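Residue numbers (the numbering used here): 2 to 222.
Think of the hints as simulated: they come from the structure by calculation, not from any bench.
One should not assume that every hint holds.
FRET-style restraints, in silico, Cβ to Cβ [stated by the list, open to error]:
#  : residue 1 : residue 2 : range
1  : 162       : 32        : 31 to 37 angstroms
2  : 143       : 40        : 42 to 48 angstroms
3  : 70        : 159       : 41 to 47 angstroms
4  : 49        : 96        : 19 to 25 angstroms
5  : 30        : 72        : 39 to 45 angstroms
6  : 16        : 44        : 24 to 30 angstroms
7  : 8         : 83        : 24 to 30 angstroms
8  : 162       : 15        : 36 to 42 angstroms
9  : 5         : 60        : 28 to 34 angstroms
10 : 154       : 96        : 23 to 29 angstroms
11 : 159       : 12        : 29 to 35 angstroms
12 : 100       : 161       : 36 to 42 angstroms
On a predicted model such as this, the values are computed, not experimentally measured, just so you know.
Note that CB positions come from ideal geometry on N, CA and C, so glycine has one too.
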Amino acid sequence: MKILLTTVRLAIVLFIGGVLMLAAIGKLLDNRHVAEVLAQWRLLPSWSLLPFGVVLSLLELALALWLFSGWRLAQAALLSVLFHLGYTSGTAITLLRGISLPDCGCFGILFAHPLDWPMAAEDAITALLSVVLYGIASKWKPRIILLLLGVALFGWIGVSVWKKSSLPTVTYHQEHFRTTSVVPRKSNKTIILNRVSYRGPHGNGQTTFNLNTKPQKQPPL
2 MKILLTTVRL
12 AIVLFIGGVL
22 MLAAIGKLLD
32 NRHVAEVLAQ
42 WRLLPSWSLL
52 PFGVVLSLLE
62 LALALWLFSG
72 WRLAQAALLS
82 VLFHLGYTSG
92 TAITLLRGIS
102 LPDCGCFGIL
112 FAHPLDWPMA
122 AEDAITALLS
132 VVLYGIASKW
142 KPRIILLLLG
152 VALFGWIGVS
162 VWKKSSLPTV
172 TYHQEHFRTT
182 SVVPRKSNKT
192 IILNRVSYRG
202 PHGNGQTTFN
212 LNTKPQKQPP
222 L
């Protein structure tokens, strides 16, 4: 049991600390980009966006290094609980106000992560993992810790399935139509028609876009 708890503790530390470090580095690389994204959340006054982004990034980096160090791990885990509950609350409030974004700005310029309900669930589950870490570091009874860990893992699986099922399935078709001009000595053209078929939880459909023409040479008469 001791080896199992040690393994679980190390895995949670590496996961939460790694995510926090990626988020901090991505935001610190371009603070102004983070401020622009935060403005779309509509939670803070405009004058506070840049300093808030910088302070949040530095706190994330400090917490990641604290977790990696293993020093007073229970206190670090408790701070991680507060962090991710704050993230969950901010995300939920923004979504309840009808705001959803293709990029939440959480990872700065490294990569985009959508601001949606699965993101709120991910933050809540990460907070639960932090509770598990706090329990291990504080030497709670193993059964309680393993129960919380099981809930967290099943939660992650549920969120992953949810996100996958909510994405539409898109197929791409390109069709070529050859036409001949009715005007003498005019070139033939090949029209490229791009057609997209999609299937998702809100229905199926098809759309056509991007009509291009490519001139082709005609042999001289």
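Quick rundown of the hints versus the structure:
no. : hint                          : in the structure
1   : 162 - 32: 31 to 37 angstroms  : 35 angstroms, holds
2   : 143 - 40: 42 to 48 angstroms  : 46 angstroms, holds
3   : 70 - 159: 41 to 47 angstroms  : 32 angstroms, violated
4   : 49 - 96: 19 to 25 angstroms   : 21 angstroms, holds
5   : 30 - 72: 39 to 45 angstroms   : 27 angstroms, violated
6   : 16 - 44: 24 to 30 angstroms   : 27 angstroms, holds
7   : 8 - 83: 24 to 30 angstroms    : 25 angstroms, holds
8   : 162 - 15: 36 to 42 angstroms  : 24 angstroms, violated
9   : 5 - 60: 28 to 34 angstroms    : 31 angstroms, holds
10  : 154 - 96: 23 to 29 angstroms  : 24 angstroms, holds
11  : 159 - 12: 29 to 35 angstroms  : 19 angstroms, violated
12  : 100 - 161: 36 to 42 angstroms : 24 angstroms, violated
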